[in-house]
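Model the full structure from these sequences, guided by the hints.
Single-letter residue listing:
2 protein chains.
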Amino acid sequence: MLNKSISSTHKAYLAGFLDGDGSIYVRLKPNPTYRYGFQVAPYIVLFQSSKSRVQFEKICTLISLGSLRERKDGILEYTIGREESLKCFLKWVKPYVILKRAQVELMQEIFHAKSKVKDKNDFAALMKLIHSFEELNYSKKRIQRRLTP
Amino acid sequence: MLNKSISSTHKAYLAGFLDGDGSIYVRLKPNPTYRYGFQVAPYIVLFQSSKSRVQFEKICTLISLGSLRERKDGILEYTIGREESLKCFLKWVKPYVILKRAQVELMQEIFHAKSKVKDKNDFAALMKLIHSFEELNYSKKRIQRRLTP
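Going line by line, the protein sequences match chains A and B. Counted from 1, the first sequence has number 273 at position 149 by this note's numbering; the numbering is strictly sequential. Counted from 1, the second sequence has number 246 at position 122 by this note's numbering; the numbering is strictly sequential.
Same chains, same label: a pair holds when it works inside one copy or across any pair of copies.
Straight-line distance between alpha carbons at most 30 Å, and here's what the computed DSSO-like set of lysine-lysine pairs gives: (1) 211 to 153; (2) 128 to 218; (3) 215 to 240; (4) 153 to 244; (5) 182 to 218.
These are computed hints drawn from the structure, not numbers from a lab.
Pasting the structure below:
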């Protein structure tokens, strides 16, 4: 596991920023090259108007676990998508996060369950955990993925 | 000055939340009962969906310097508007804020200038400082208030 170190006030700052403006979710992407037909794709994304690019880049540099892109509508997105990077970020913010505490804990639970998958039943249980993310995030666009029989 | 104490990680969390989701601005409200014809009305506002009310209330309780209301569109607004409360909040977040550093420093400068106002020229200079807030906040709706001659 990545074990980058930052100060406790930086960790708390990032927890506050994630609570205010961030998004944390896991997608199940149909992909036949994966053993159970789905790729598990977890994300943490921070957003900001490109008008604050210089200062937002300071936050991105502080994190240094993801990548920055500018959307066509002028919004900057800093995305953390690699599992090791996400585990590191979750560990940083967990002691301080307030609004998204349930999401932080659920993503950690999903990583744990994913590492223990041995058969189709285990994967079905993992999918169920992933679907419970949508309830936490109040997603309107729910796609219930199912394993092909 | 209010001198409430919270931990450094709570201060850093609030700086992150303000940077992610908060708003900091000063309005000049025409009001003939004030000496120079305007009320100086400073605000810091934090927002959240009312779906996260329970957790958002934890943040409001931590701050305990403002008041919470629910807008008709379901957004919760926690507003700090009293000068002594704002000075306290600004002091907390100043060491940690990144995106809104210029706004935090400008509001402190405005409070300082306001306390020194002795005549119409001083008040005109204060109004100029307040107008520079709009540039920082990229406001499209700029109303240039002027002193009546």
